[in-house]
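Colleague: Protein chains in written order, with numbering that gives the first Met the number 0: chain A, 0 to 286; chain B, 0 to 357; chain C, 0 to 265.
Misleading hints may appear alongside valid ones.
[Claimed, not checked] With a Cα cut of at most 27 Å, we get these calculated DSSO-like pairs of lysine-lysine:
id, chain 1, residue 1, chain 2, residue 2
1, A, Lys205, B, Lys138
2, C, Lys158, B, Lys138
3, C, Lys173, A, Lys7
4, B, Lys2, B, Lys209
5, B, Lys113, B, Lys217
6, A, Lys2, C, Lys158
7, B, Lys181, B, Lys2
8, A, Lys186, B, Lys334
9, B, Lys175, B, Lys113
10, B, Lys138, A, Lys203
11, A, Lys247, C, Lys158
12, B, Lys138, B, Lys230
13, B, Lys2, B, Lys25
14, A, Lys186, B, Lys113
15, B, Lys175, B, Lys138
16, B, Lys209, B, Lys64
17, A, Lys93, A, Lys186
18, B, Lys230, A, Lys186
19, A, Lys186, B, Lys190
20, A, Lys186, B, Lys2
21, A, Lys186, B, Lys138
22, B, Lys133, A, Lys205
23, A, Lys2, C, Lys173
24, A, Lys7, C, Lys50
25, B, Lys209, B, Lys183
26, B, Lys263, A, Lys186
27, C, Lys173, A, Lys203
28, C, Lys50, A, Lys2
29, B, Lys175, B, Lys190
30, B, Lys138, B, Lys181
31, B, Lys181, B, Lys217
32, C, Lys158, C, Lys173
33, A, Lys7, C, Lys96
34, B, Lys230, B, Lys263
35, A, Lys203, B, Lys133
36, B, Lys217, B, Lys2
37, C, Lys96, B, Lys138
38, C, Lys206, C, Lys50
39, B, Lys64, B, Lys181
40, B, Lys25, B, Lys181
Hints are computed from structural coordinates only; laboratory data are not their basis.
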Amino acid sequence: MNKTVNQKAWFLVLPVLLLVAFNALIPLMTVVNYSVQETFGDNNFFWAGVLWFEEVLRSERFHSSLGRQLFFTFSILLIEIPLGVAIALAMPRKGVWVSVCLVLMAMPLLIPWNVVGAMWNIFALPEIGLLGNTLNALGIDYNFTRQPVAAWVTLIAMDVWHWTSLVVLLAYAGLVSIPDAYYQAAKIDGASSWAIFRFIQLPKMKRVLTIAILLRFMDSFNIYTEPFVLTGGGPGNSTTLLSIDLVKIALGQFDLGPAAAMSLIYFLIILLLSWIFYTLMMRNEDQ
Amino acid sequence: MAKITLSNMRHSYLAQPSSDDDWALKQLDLEWEDGGAYALLGPSGCGKTTLLNIISGLLVPSHGKILFDETDVSHLPPNKRHIAQVFQFPVIYDTMTVYDNLAFPLRNRGVDEKTVDARVREVAEMTDLTQMLKRRASKLTADGKQKISLGRGMVRTDVNAILFDEPLTVIDPHLKFQLRSKLKELHHRVKRTMIYVTHDQTEALTFADKVVVMNMGKVVQTGTPVDLFEKPQHTFVGHFIGSPGMNIFPCDVHSGQAYVGGEKIATANIAGENVSRAEIGIRPEFISFSDDGLPARIMRVSDTGRFNIVEAECMGQSLKLLIDEGAEIPADNVKLNFDPANTRIYVDGWLSGSEGAQ
Amino acid sequence: MKRLSWLVPTIYILFLMLPIYWLVSMSFKTTNEILGSFTLVPQEFTLENYKKIFTDSTWYMGYINSLIYVSLNTVISVAFALPAAYAFSRYRFLGDKHLFFWLLTNRMAPAAVFALPFFQLYSAIGLFDTHLAVALAHTLFNIPLAVWILEGFMSGVPKQLDETAYVDGYSFPKFFMKIFIPTIAAGIGVAAFFCFMFSWVELLLGKTLTAVAAKPIAATMTRTASTSGYELGLLAAAGALTIIPGAIVIYFVRNYIAKGFALGRV
Numbered sequence: 000m001n002k003t004v005n006q007k008a009w010f011l012v013l014p015v016l017l018l019v020a021f022n023a024l025i026p027l028m029t030v031v032n033y034s035v036q037e038t039f040g041d042n043n044f045f046w047a048g049v050l051w052f053e054e055v056l057r058s059e060r061f062h063s064s065l066g067r068q069l070f071f072t073f074s075i076l077l078i079e080i081p082l083g084v085a086i087a088l089a090m091p092r093k094g095v096w097v098s099v100c101l102v103l104m105a106m107p108l109l110i111p112w113n114v115v116g117a118m119w120n121i122f123a124l125p126e127i128g129l130l131g132n133t134l135n136a137l138g139i140d141y142n143f144t145r146q147p148v149a150a151w152v153t154l155i156a157m158d159v160w161h162w163t164s165l166v167v168l169l170a171y172a173g174l175v176s177i178p179d180a181y182y183q184a185a186k187i188d189g190a191s192s193w194a195i196f197r198f199i200q201l202p203k204m205k206r207v208l209t210i211a212i213l214l215r216f217m218d219s220f221n222i223y224t225e226p227f228v229l230t231g232g233g234p235g236n237s238t239t240l241l242s243i244d245l246v247k248i249a250l251g252q253f254d255l256g257p258a259a260a261m262s263l264i265y266f267l268i269i270l271l272l273s274w275i276f277y278t279l280m281m282r283n284e285d286q
Numbered sequence: 000m001a002k003i004t005l006s007n008m009r010h011s012y013l014a015q016p017s018s019d020d021d022w023a024l025k026q027l028d029l030e031w032e033d034g035g036a037y038a039l040l041g042p043s044g045c046g047k048t049t050l051l052n053i054i055s056g057l058l059v060p061s062h063g064k065i066l067f068d069e070t071d072v073s074h075l076p077p078n079k080r081h082i083a084q085v086f087q088f089p090v091i092y093d094t095m096t097v098y099d100n101l102a103f104p105l106r107n108r109g110v111d112e113k114t115v116d117a118r119v120r121e122v123a124e125m126t127d128l129t130q131m132l133k134r135r136a137s138k139l140t141a142d143g144k145q146k147i148s149l150g151r152g153m154v155r156t157d158v159n160a161i162l163f164d165e166p167l168t169v170i171d172p173h174l175k176f177q178l179r180s181k182l183k184e185l186h187h188r189v190k191r192t193m194i195y196v197t198h199d200q201t202e203a204l205t206f207a208d209k210v211v212v213m214n215m216g217k218v219v220q221t222g223t224p225v226d227l228f229e230k231p232q233h234t235f236v237g238h239f240i241g242s243p244g245m246n247i248f249p250c251d252v253h254s255g256q257a258y259v260g261g262e263k264i265a266t267a268n269i270a271g272e273n274v275s276r277a278e279i280g281i282r283p284e285f286i287s288f289s290d291d292g293l294p295a296r297i298m299r300v301s302d303t304g305r306f307n308i309v310e311a312e313c314m315g316q317s318l319k320l321l322i323d324e325g326a327e328i329p330a331d332n333v334k335l336n337f338d339p340a341n342t343r344i345y346v347d348g349w350l351s352g353s354e355g356a357q
Numbered sequence: 000m001k002r003l004s005w006l007v008p009t010i011y012i013l014f015l016m017l018p019i020y021w022l023v024s025m026s027f028k029t030t031n032e033i034l035g036s037f038t039l040v041p042q043e044f045t046l047e048n049y050k051k052i053f054t055d056s057t058w059y060m061g062y063i064n065s066l067i068y069v070s071l072n073t074v075i076s077v078a079f080a081l082p083a084a085y086a087f088s089r090y091r092f093l094g095d096k097h098l099f100f101w102l103l104t105n106r107m108a109p110a111a112v113f114a115l116p117f118f119q120l121y122s123a124i125g126l127f128d129t130h131l132a133v134a135l136a137h138t139l140f141n142i143p144l145a146v147w148i149l150e151g152f153m154s155g156v157p158k159q160l161d162e163t164a165y166v167d168g169y170s171f172p173k174f175f176m177k178i179f180i181p182t183i184a185a186g187i188g189v190a191a192f193f194c195f196m197f198s199w200v201e202l203l204l205g206k207t208l209t210a211v212a213a214k215p216i217a218a219t220m221t222r223t224a225s226t227s228g229y230e231l232g233l234l235a236a237a238g239a240l241t242i243i244p245g246a247i248v249i250y251f252v253r254n255y256i257a258k259g260f261a262l263g264r265v
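Just chain A, with the same shape it has in the complex (with noise of 0.2 Å):
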């Protein structure tokens, strides 16, 4: 659609602009002050410069919880995306049952987060739990408060879970707005099933597919309450990422100045992975 050119539109987007400027740019600006400060928990602040993003950047204990966060980010990308894409694939186009699948499936997506995490601690403790008690029975070793692989496995698939019918929906959505006509002319031209979704389909959800990646990962990035609840991070270390160490640093220990510094950091990596992402995208698209 041709837009006209009208400054006066700043009016009506006024207000959002100052809601938003409000909630984000005053706490920002809070964490960036904190960011280069010193404290010794009496409100007396020192300038420390540069000196919290050394620290954290050279830390041992940082490097592995982005470690295990993008170890996190990518596994659950590489399942829920092509688990969606499929999913979405064979679900029916027309008829009753279209909306009693997406309701289904949207049910996970309105869960409150804890309760996620708390679902799937007692979905999955080992002795009372429906799954865990099921793998010990079928004589699979399991405990994920225990041990890593298990609360790593436990971790994905209650992520799995909750978000492959974002996803699906997505997908499907895409795969909706495909007009028949496409369908009948690659069945006269004689395309098979593959070649359907390789030149017909795929190319057609590519838009909202992005929207999916960058979604998926921009909130897996953020994640927090429901590792939190299932595992608490544990056992050991082996399941903190980002957003629970910083939680644990910030409030847990006090440490403003490093849980800053480090927010800001941790801020900034979002932002760039999902630039780079979507300017990616974005240039294929254009080619």
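Following the hints, put chains B and C in place on chain A, whose structure we already have.
Modeller: This is chains B and C only, laid out in the frame that chain A set:
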């Protein structure tokens, strides 16, 4: 390459059609000669797209058979029928180049790359796409995209017929004419059967050697453009084709002759006995002003450029006349003359008498 | 292959329902049964857990608090986002693209980063432990989302609608309220759904900004889990009840979910 025969064909989208209205296609028997240029013409919802989809195999008819030459293909899937189709909105494979788009139907059928290359280049040359072969198909304009869809249809050597489903809908008006001439030219060159569905009479009449006019799921008339214009078999054809359409008004019939308001009208055909609903049909082109004839009053004159359309009231009916630009339009004491050779009686909508039976 | 394709969504839905089933089934069990033996269906079916929640005000007030701030947030987010989305969909103005992108970056902000500064900010302005504080805090990520969704829906409405209305003598506010809003009602429904959803499921900010008076149900649950030890049945019942509002909301927007995702631009 084959003759296409539709025999005793009926189709309904409902599983259990009960009333007459449930049928999208009512009783059809049609033959399409090999290599002909056909148009399927009719208003929206008349069943022409349904018919097209039955020929291409996207739909299986509820009743009847479809034969390619003598083979029954009613239950064959589209890719086994050797049919190509160009859709209303350009269907192209966005991510591929123009070249790959054209090659797609051949590659799907396992044709070797050397043949593919030769065919693609030949078709690209025919459709003026040679310059763009390396470009991404999604970057082309709407008419370029329609050429790609057309090219995909022509690239296969085994195609029995190429079907067009209102292919010019999204094309800019000034390009429509170009693309239409291109189609006509290609038809002469490749001599494939082409079936062109449209609701636009100009498109149908300029493209086709034979036009099939449909209305409400039925074929009303099949004939050359001249037939349809000069001798409509049904008032619907008379009214639908021509601009403005045929004048149609009720008349009385006494011993085969038509009377309007007691006045006898000379006609090319005669009506049978005991007719229920009789009408007279005459095209605006065949009414003229004269010194003696039926008295009339001029209501309105609209200038269309090359013609004036005159609306006149005559015998209580509103009639339209087509008068050449520059010809004099009398102010008062208007008399109208109907050309007897082109004035016809229609009974229950159908052309009456000996001329009616084809 | 086509014939078996229904299996894929069916298996997936089964997978989704298993943990939910376990939660619901556990909510009907007594603590003894949960800890004592492994049972697939409740053997000593009990409603005690639910009775406790509906009679103890620390429990049921949690639900009421959550519903209040979620509704408040939905109204604020949509009301603020509507004019902004209209501006983005109809006009070009200085810095419009940057502004749009900046709004979206707030969607990326980790709640953990904002938890502490939010606590200080809302304490400073005296809103700490009010429903409004949580509602306002959640607009940080809900307004960008609402603007994004609404902009997509509005761009689907032809500009001629606006022009015709102005020609017919409507003023901008009258046109916006009387004609435009009813036209994009579906879009507003979808945007409201997403605002509701993200505000309802968020816990970290909700917990940080409240103490007693506006404490969300989710926070009540975490406290129970940590302080009174293993009252799993009660926890399960509380959790099961949190699924209900979401399920009701999805049911109402079921026909728009797919559409809501398809529209909107990046």
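Colleague: Would you pick out the hints that fail for this structure and give their numbers low to high?
Modeller: 5, 8, 9, 11, 12, 18, 24, 26, 27, 28, 31, 39 and 40
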